[in-house]
Amino acid sequence: MNEPGFLDIISFGPTGWGQALLAGALMTLAVAVTGFAVGGVIGVFVAWAKISGGRVLRVLADGYTTILRGIPELLVIYLFYFGGSALVTAIGKYFGAEGFIGLPGFLAGSLAVGVTSGAFHTEVFRGAFRAVSKGELEAAVACGMSPWLRFRRIIAPLTLRHALPGLGNVWQVVLKESALVSVTGVVELLRQAQIGSGSTGLPFDFFLIAGALYLAISTFSGFVLRIGERRLSRGVRRG
Amino acid sequence: MDWNFLSETFLKLIGAIPLTLELGALAMVLGTMLATCLALMRLSGIRPLDGLARLYIFVFRGTPLLVQIFLIYYGLGQFPAIRHSFLWSFLREPYWCAILALTLNTGAYVAEIIRGGLMAVPNGQIEAARACGMSPLLMFRRIVMPLAIRQALPAYGNEVIAIVKATSLASIITLMEVTGVAATVIAETYRTVEVFVVAGAIYLAINFLLTRLIMLAEYWLTPYLRQPPAPLLVSAKGEA
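Line by line, the protein sequences give chains A and B. The numbers in the UniProt record's numbering rise by one with no breaks, and the one at position 212 of the first sequence is 212. The numbers in the UniProt record's numbering rise by one with no breaks, and the one at position 120 of the second sequence is 120.
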């Protein structure tokens, strides 16, 4: 058998896997970004429930963050993938569809990633909100801002400034977690590497390349985050 | 709620708890040893050692654990040199591959925790120890290590939880720990939600116990931070 060399694998020609792996990396990014965005929205609402919700809301929010931070992400992905498919099948049956309908892996996977990262988002936002000085909020009230205007002009920008380093950590976790979505059959980076290693018999090369691409993505996003931090902290004096 | 099915699943999953705990505990112990070496390399001030540890930590914290597991479990078998060496009797077993991957992974995270703890030891304490004429070893044993452990314990506790959660990935390379058994039951019965509830409860219980243990250790290690006991009402009355 004519085994391809390392360079053949990463080349972009008709026999190379470069294009497929790059497409996989883009899919990884898509899953991670969607999951991160879903988690961000959940995080804002749950943090709000924790900060200024009533008793019931607070207990629910605490339950959510405790549970989701205490169980493995893989279980949550299984829940959304298999559970979601069962739900969709049941709904399909109700409308007269036949047989099993699968929930798309991308949807189930990024929702699962979002729901787990939402718990981490919550804690980041909550901590960041506590770092906003009370004087700023009082000044906003004194200026007669409505709650929504206050949120948009004062709370959101200031919270975001304090939250950004924490959000960066959450993003790195989400990026790595997105590799688990490969169990649902979504052809993201890791799944593509599995396919490649299966058809060439070179698992080491493929997983090494996949690892290197993950490393490149996380390094690059760390770089972008540092720029963002600098932008959002304009006007802050540092000792 | 089908209590029969729940209890049946619970009994099945309970049998898998020892493997989950075993994977977690072994990875934690071995990983902490590795991490201590890495942290000392980083703090040694010797350029090549520091750079090597830095690179290791960068690579293992920057890539998904699942990639590391696959690289070890599927990847290493690609080389005939490894397949024909004595190592192969370990590396062909998913059990040892999972432990190796978890150890290498957690080692990178714990190394930074240990380094942070060691760096947080106030300089004045070290100077005082030197001024007392302590040898470096004695100083490490009596001053640096106790202070660093107190500093690092909360972060270490988080890492312990992370490792317990990470053991679930071993199910992907066929190990039948809690998640592995849960996935099998789901595949057999299609009753995802019930199985998820039972498996989730087991993980939550394990992690709850572990956080309590860590909190206990923290309490036990910081007697100087505790509130002084409130004076008894009876004696207060008696004195008045």
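Source of the hints: derived by calculation from the structure; they are not laboratory data. Mixed in with the good hints there might be a few duds.
To be verified - Using 25 Å as the maximum straight-line C-alpha spacing, the simulated SDA-like pairs for lysine to any residue come out as follows:
#1 K50(A) - R212(B)
#2 K93(A) - P154(B)
#3 K12(B) - G84(A)
#4 K12(B) - I67(A)
#5 K12(B) - N158(B)
#6 K12(B) - A86(A)
#7 K50(A) - Y190(B)
#8 K50(A) - E188(B)
#9 K50(A) - H84(B)
#10 K50(A) - R191(B)
#11 K93(A) - E188(B)
#12 K50(A) - G157(B)
#13 K12(B) - R69(A)
#14 K93(A) - N207(B)
#15 K93(A) - F196(B)
#16 K50(A) - F208(B)
#17 K93(A) - N158(B)
#18 K93(A) - D2(B)
#19 K50(A) - A155(B)
#20 K50(A) - A162(B)
#21 K93(A) - T189(B)
#22 K50(A) - L204(B)
#23 K93(A) - A187(B)
#24 K93(A) - R212(B)
#25 K50(A) - I161(B)
#26 K50(A) - A205(B)
#27 K50(A) - T211(B)
#28 K12(B) - V183(A)
Computed from a predicted structure; not experimentally measured.
Structure-based check of each hint:
1. K50(A) - R212(B): holds (23 Å)
2. K93(A) - P154(B): Not OK: K93(A) and P154(B) at ~50 Å, beyond 25 Å, violated.
3. K12(B) - G84(A): Distance of about 24 Å is within 25 Å: holds.
4. K12(B) - I67(A): Roughly 22 Å separates the two Cα atoms, so the pair holds.
5. K12(B) - N158(B): The given pair, whose Cα atoms are some 28 Å apart, is violated under the 25 Å limit.
6. K12(B) - A86(A): holds (23 Å)
7. K50(A) - Y190(B): violated (35 Å)
8. K50(A) - E188(B): Given pair K50(A), E188(B) is violated - Cα atoms ~39 Å apart, limit 25 Å.
9. K50(A) - H84(B): violated (58 Å)
10. K50(A) - R191(B): violated (32 Å)
11. K93(A) - E188(B): Roughly 21 Å separates the two Cα atoms, so the pair holds.
12. K50(A) - G157(B): holds (24 Å)
13. K12(B) - R69(A): Given pair K12(B), R69(A) holds - Cα atoms ~24 Å apart, limit 25 Å.
14. K93(A) - N207(B): violated (39 Å)
15. K93(A) - F196(B): holds (24 Å)
16. K50(A) - F208(B): holds (21 Å)
17. K93(A) - N158(B): Violated, at about 44 Å.
18. K93(A) - D2(B): Within the cut-off at roughly 23 Å; holds.
19. K50(A) - A155(B): holds (23 Å)
20. K50(A) - A162(B): Measuring from Cα to Cα gives roughly 24 Å; hence the hint holds.
21. K93(A) - T189(B): holds (19 Å)
22. K50(A) - L204(B): Holds, because 21 Å separates the two Cα atoms, which is no more than 25 Å.
23. K93(A) - A187(B): holds (20 Å)
24. K93(A) - R212(B): violated (46 Å)
25. K50(A) - I161(B): holds (23 Å)
26. K50(A) - A205(B): holds (23 Å)
27. K50(A) - T211(B): holds (22 Å)
28. K12(B) - V183(A): The given pair, whose Cα atoms are some 23 Å apart, holds under the 25 Å limit.
Consistency note: the structure conflicts with the earlier hints numbered 2, 5, 7, 8, 9, 10, 14, 17 and 24.
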